[in-house]
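S.K.: Residue numbers (our numbering), protein chains in the order written: chain P, 67 to 218; chain S, 2 to 95.
Derived by calculation from the structure, the hints in this document are not laboratory data. Take these hints with a grain of salt, some might be off.
What the hints assert, rightly or not - Chain P stretches covered by chain S per the calculated footprint, using a threshold of three residues with CB under 8 Å from any CB of chain S:
hint, stretch
1, 123-130
2, 140-147
3, 180-194
Each residue gets a CB set at the ideal place from its N, CA and C atoms; glycine is no exception.
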Amino acid sequence: MEITIDENLIILGLDASKNEDVLAQMAQTLHQQGYVKESYKDAVISRERVFATGLPTESYGVAIPHTDIVHVTEPAICVARLKNPVDFVIMGEEEATVPVNLVFMLAMKEQHAQLDLLQKLMAILQDQEAMGYLALEADKHKIKTFVIDKLK
Amino acid sequence: MQKKVVLVACGTGIATSTVVSDAVGKMAKEHKINVEIIQCKIMEVPGYQDRADLLVTTTVAGKNYPFPVINARAFLTGIGLDAVKAEILAELKK
Chain P
67 MEITIDENLI ILGLDASKNE DVLAQMAQTL HQQGYVKESY KDAVISRERV
117 FATGLPTESY GVAIPHTDIV HVTEPAICVA RLKNPVDFVI MGEEEATVPV
167 NLVFMLAMKE QHAQLDLLQK LMAILQDQEA MGYLALEADK HKIKTFVIDK
217 LK
Chain S
2 MQKKVVLVAC GTGIATSTVV SDAVGKMAKE HKINVEIIQC KIMEVPGYQD
52 RADLLVTTTV AGKNYPFPVI NARAFLTGIG LDAVKAEILA ELKK
């Protein structure tokens, strides 16, 4: 897999009250590890304002923030489990929000190239057992292995 | 039957529209419907206004278009997917 998912990119118990804080902390993490440019943070925040990425699933709310490829240095996925649910506007809605517990921030580098990975990521969102696991597992290493295995 | 032109759009034109394009393409193939799928950013939709028959999008469409608009979030969450597929299929068969 060309996209990095690393323990350093898994944040458990991320503490934020607004979705912008969530996005800022995650973008910061990606930037510190060298996966995205400094510009990614503002870009992903303003993108979320215009094109929201909250997704209600059968289990709980998820968000998949991402932005233009020009802000990305190396493709990666940052995963954050929030300490408390934070409202995100639902994708495709003007105002309706969903309380989000789990965020997959996608740093994508190629257009159209990640179909397989994206399909598998969506399959995770639809898999209640997997979602239950991601909601509770305390070991970052296990989460990393689990996600990589699911996206393989 | 004339080939249908389907726009599949999302905010960035890279992530969710990729998943939806693939799904719509497979659906059309399964039902032997001749479609041209154009994956784009929602901002680019007006440029295709004259030739498109349908817009399938994961974002807010933002304005009125001369063709039907179908929300495609179900392809990501799985919730209500059968209904959305039926809706798209009905448009493709028109």
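S.K.: Next step is simple, just say for each hint if it's right about the structure.
M.R.: Comparing the hints with the structure gives:
Coverage of the stretch 123-130 of chain P by chain S holds [criterion: at least 3 residues with CB-CB distance below 8 Å; count 3]. Closer than 8 Å: that is the beta-carbon criterion, and the stretch 140-147 of chain P has 0 residues meeting it against chain S, so the requirement of 3 is violated. Counting residues of the stretch 180-194 of chain P whose beta-carbon sits less than 8 Å from any beta-carbon of chain S gives 7, enough to reach three: the coverage restraint holds.
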